[in-house]
Each structure stands twice: as C-alpha cells, then as structure tokens.
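Colleague: Sequence:
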Amino acid sequence: MENPVDEIPTVIHTLVQSSPLQQHDAIEKYYARSAEFVHPLCRTWKWHNSRFLIHAIYRWYKVMCPGVEITVNSVAFDEENLILYVSLTETLRSRLLPFYRTPVSMVAVIRLEYHPPNNKYYIKSKNNLYQQDQLVKFIPLIPGLPLLVMMMQYLGTVVALFMALLLLPVTVVKELWSSQGMREGMVNGVQQWVGKKGGSYGGQKMDLPNGLPPKKTIRIVNT
Numbered sequence: 001m002e003n004p005v006d007e008i009p010t011v012i013h014t015l016v017q018s019s020p021l022q023q024h025d026a027i028e029k030y031y032a033r034s035a036e037f038v039h040p041l042c043r044t045w046k047w048h049n050s051r052f053l054i055h056a057i058y059r060w061y062k063v064m065c066p067g068v069e070i071t072v073n074s075v076a077f078d079e080e081n082l083i084l085y086v087s088l089t090e091t092l093r094s095r096l097l098p099f100y101r102t103p104v105s106m107v108a109v110i111r112l113e114y115h116p117p118n119n120k121y122y123i124k125s126k127n128n129l130y131q132q133d134q135l136v137k138f139i140p141l142i143p144g145l146p147l148l149v150m151m152m153q154y155l156g157t158v159v160a161l162f163m164a165l166l167l168l169p170v171t172v173v174k175e176l177w178s179s180q181g182m183r184e185g186m187v188n189g190v191q192q193w194v195g196k197k198g199g200s201y202g203g204q205k206m207d208l209p210n211g212l213p214p215k216k217t218i219r220i221v222n223t
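Residue numbers for the sequence shown follow the UniProt record's numbering, beginning at 1 and rising by one.
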C-alpha cells in the first residue's frame, strides 16, 4: 500500500469478499511474508513464512461463513508507530444455519512495516478485537447468548456500584492519607533543599562548608 488510510478499506473487502484466487493474490500482495494474525478463535506466530497460515485461516473463514458482508466505519492511522485502527461491522452468515444472519462489530489493529525500496507499506500483523457480546455471535447454535452476556455485563456494573458504596470509607481514608503524605513530602523536600543551600529550618541553623554562617535563615512552619 502506498496510502494505507485510503487503501485499507479496499484491501479488507478484497481479503474477505472476493473470489478464492483474488483472496490469495491479495494476501500475497499486502501481507508481509512473516506476518502475524490474531483472532479470539485462532492465531498464528511469526516465522519466515507465517503468511502460509494466514492463507489457510482466510480460506477456512470463507468456507464456514460464505457471503460475509463488511462495512468499514472508520480508519485512524498512527503514522509515527505505523498502526492502523479500523472500525468494522461484519454481517455473518453461517453455512451450518443458512437463515442465520447477524451483524458483528469489531476493531482491527493493523501494524504495518515500511519498505523504502518500493515506497510501500505491508501488513506486519492484524489483531481482531471483539467485545464479549459480539464474539459470542460466532456461536449461532445458542440463541440468546449475546443477550445473556450483556446482562452479565450490566450485573457487573451493579456489583461495582454496590462495592464502591460499601467501601466508600476506605476510599476516604486513602485520600486523606495520600493528601497527608503529599504534604509531608513537600515539607521534607523543602527542608532538604534548604539544607543544601546552607539555610536553617525549624529554628535550627545549618552549618556551611568552611565554617561560613548562612546568609539567610528560612523558617518552615507546619500548619
């Protein structure tokens, strides 16, 4: 790719929605030879020809989920670190259940590597990130599973709220302790600085090298 932001939507569509031959050519064209692929249900590791495994994953995905539709919602490019963040919506169709059709949202984190000789970017790794309620949509045989996961997430929020109220005294004590520690740290820091400068604190003089008296006395009072 010469312009990753403009080209990545077309690349993704070609990888998923094209014919097997076009898919094969796209992987060869856009993926680095030692590329990695990470998905909640499978992953590859980096080696000199790991792209071979990526071919197998995409081929299997096309067989199990034919007619997948993908919509690229947004693309962000961290040019300094060569990372693309792509928000996607997949519409899944299962070969096992012909009437099953559901949208799945995800974010793909794509790391690139730049090749100066041909002035192009290649995919070094692709990590598909799904929320739990989206991931379980890959299991069509259990109806209502996404709703169950969502209810468990809401339950987790209720538990967090209850525990936050129950342990509120602990939070207050910790905040007071932290404030006291910061105040004492500032006082100690000033006292050490005054000592290095040859001043005095707490009404006690500090000796200077060569027996010279301090030119100025600074008094620190704790309130």
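Derived by calculation from the structure, the hints in this document are not laboratory data.
Fair warning: there could be bad hints in the mix.
What follows is a set of in silico ranges between Cβ atoms, one per label pair, in the way DEER data are often shown [what the hints assert, rightly or not]:
no.	residue 1	residue 2	range
1	P103	R43	19 to 29 Å
2	L129	T91	15 to 25 Å
3	V68	L168	45 to 55 Å
4	V5	L129	48 to 58 Å
5	P20	T171	36 to 46 Å
Built from N, CA and C at the ideal position, the CB exists for glycine as well.
Colleague: Which constraints among the numbered hints does this structure fail? Numbers only, ascending.
Modeller: 4, 5
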